[in-house]
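Here is how the chains run, residue by residue.
Protein chains: 2
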Amino acid sequence: MQPSPDTRTRILATARELFHGRSYADVGVKEICAIANVPKGSFYHFFPSKQDLAMAVIDDMADDWAHGFVAEAFDRELPALERLDYMVDAAYYWQKAAKDIEGRMPGCLFGNLALEVSTRDDVLRAKLNAVFQKASARFHETLDEAVETGAMAPLNTGATAQAMLAFLEGVILLAKTRNDPDVVLELGPAIKTLRIELTVEN
Amino acid sequence: MQPSPDTRTRILATARELFHGRSYADVGVKEICAIANVPKGSFYHFFPSKQDLAMAVIDDMADDWAHGFVAEAFDRELPALERLDYMVDAAYYWQKAAKDIEGRMPGCLFGNLALEVSTRDDVLRAKLNAVFQKASARFHETLDEAVETGAMAPLNTGATAQAMLAFLEGVILLAKTRNDPDVVLELGPAIKTLRIELTVEN
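As you go down the protein sequences, you meet chains A and B in turn. Just so we're aligned, residue 1 is where the first sequence starts under the working numbering, counting upward by one. Just so we're aligned, residue 1 is where the second sequence starts under the working numbering, counting upward by one.
None of these hints come from the bench; they were simulated from the model. Small disclaimer: the values here were computed from a predicted structure and weren't measured. Keep in mind that a hint or two might mislead.
Identical chains blur together in the list; that is why a pair holds if it fits in one copy or across any two.
Capping the alpha-carbon separation at 27 Å, the derived lysine-lysine pairs in BS3-like fashion look like this [stated by the list, open to error]: (1) K50 - K134; (2) K30 - K50; (3) K96 - K30; (4) K40 - K134; (5) K192 - K50; (6) K192 - K134; (7) K134 - K96; (8) K96 - K50; (9) K30 - K192; (10) K134 - K30; (11) K40 - K96.
Here chain A stands alone, though its shape is the one from the complex (with noise of 0.2 Å):
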């Protein structure tokens, strides 16, 4: 008999949670199979290594943020500038929340994977590295939307969206490290003051 699908998403839930609350290195297969009540052969049936299970963890995360409150916070119907404080209170409410329910500001997901195994696992890196690019696409898009009509002047729309991408998971860092959801208020809004400025080519 082969073990239901529905043990993979039970497997893929409890990694995402423990991966996201704690690090990757400190959770073990072991621990996951425990909690997900699933036996040992039935998550390697799934997930032949950790890492794999990793990948399937940050696609499902990328999934429902891509669909969750990123699709909401870059709605085209949003005037493009308010497309950015929609992200920052989004972020913001993503992290009170989950602080409320278990003490702990979890922080992001991508960035705390990517500064924890980026060094030691190439794979896992260019998989952040593809779910940073796509984030940095959202800023880009609503950037050169922003100066198509006006709203912005012109400016070097594709790093500037870059620099508000490592923004916003800097201070989500540095919330992080104080366990307080309100620096990503306090200091978020800011985000729509960075500005690289287009070189003239001569």
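Please arrange chain B on chain A, whose structure you already have, making use of the hints.
Just chain B, lined up with the frame of chain A:
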């Protein structure tokens, strides 16, 4: 016979390099002792726990940092805004030098540890928070001076200082995810565009 202070230094240097190049959870006391060539007994003489070791590693790095490139970057002889450029350049050269040696961009030890341990260890979290507060105070003084000398229009210097530190951490995070120190050069200079305005009390 007491273990020599040199033994302590060796443990510290080994742990710092391994924590920075990999992660806290990924490196065990056994491995540190093997590489530093010290018996476990000597290790526990100096560091009753791995947490104690991490505290000492953070102090050691923060000390080098404060007396090394941070002292140079925030040299009061430099015009205030040039200090911000210097800080970005220093972060770039630091990461580039590390990558040239190891093939990997290690990122910021403090940022790495903060995202890895903050949900699980309040003692280390408080320590890392104190390091960030000190770093943020350097930015704060610099911005106060920039405003006093008219190099910058008045702004909320305390909050903007924190936003700048967050940005620097975020830029290093993104650069580490790409294993590319050039990201720091490309995005970092936008640090000077960040602004949080003073709120007007009525």
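Hints versus structure:
1. K50 - K134: Answer is within; shortest intra-copy Cα gap is 24 Å, inter-copy 38 Å.
2. K30 - K50: both (11 Å within a copy, 23 Å between copies)
3. K96 - K30: neither (30 Å within a copy, 38 Å between copies)
4. K40 - K134: Neither, since 34 Å and 47 Å both go past 27 Å.
5. K192 - K50: neither (39 Å within a copy, 41 Å between copies)
6. K192 - K134: both (19 Å within a copy, 26 Å between copies)
7. K134 - K96: Cα proximity of K134 and K96: in one copy and across copies (24 Å, 26 Å).
8. K96 - K50: neither (29 Å within a copy, 31 Å between copies)
9. K30 - K192: Neither, since 45 Å and 48 Å both go past 27 Å.
10. K134 - K30: neither (33 Å within a copy, 40 Å between copies)
11. K40 - K96: Neither. Shortest intra-copy (34 Å) and inter-copy (42 Å) distances fail the 27 Å Cα cut-off.
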